[in-house]
Amino acid sequence: MTKAELVSRLASKTGAKKVDVEKILTAFLEEAKEILKTEKKLTLTSFGTFRVVERAARAGRNPQTGKPIKIPATKVVRFKPGKELKTMF
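For the sequence shown, counting from 1, position 66 maps to 857 in the working numbering; every step adds exactly one.
All the pointers check out, no bait thrown in.
Below, in silico cross-link-like pairs of lysine-lysine (BS3-like), each with a Cα-Cα straight-line distance of 30 Å or less:
#: 1; residue 1: K866; residue 2: K824
#: 2; residue 1: K814; residue 2: K831
#: 3; residue 1: K794; residue 2: K809
#: 4; residue 1: K877; residue 2: K828
#: 5; residue 1: K832; residue 2: K877
#: 6; residue 1: K832; residue 2: K871
#: 7; residue 1: K794; residue 2: K808
#: 8; residue 1: K877; residue 2: K866
#: 9; residue 1: K828; residue 2: K814
Read the hints as simulated data drawn from the structure, not as lab findings.
Predicted model, so just to flag it, every value in this text is computed and none were measured.
Please model the complete structure; the sequences and the hints are all you need to start from.
Right under this line is the structure:
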């Protein structure tokens, strides 16, 4: 699903204009990024938790040449679904 499709679905469910829904969704996404940058964790009750974790440096292989390469440490966002979301599937 694309952002435009999500905006359309939210607009039809709420009766709001697509322009307004897009502004709200964009603002939410920007705030979520800021929260993850500063606080490293965002919990949406009954939906799940987004958490920034450190992925350790590791060795890998170039798939084209087979030569070993070093993959540097990096930060990634992980998602853990909440209880309500888990029971849906």
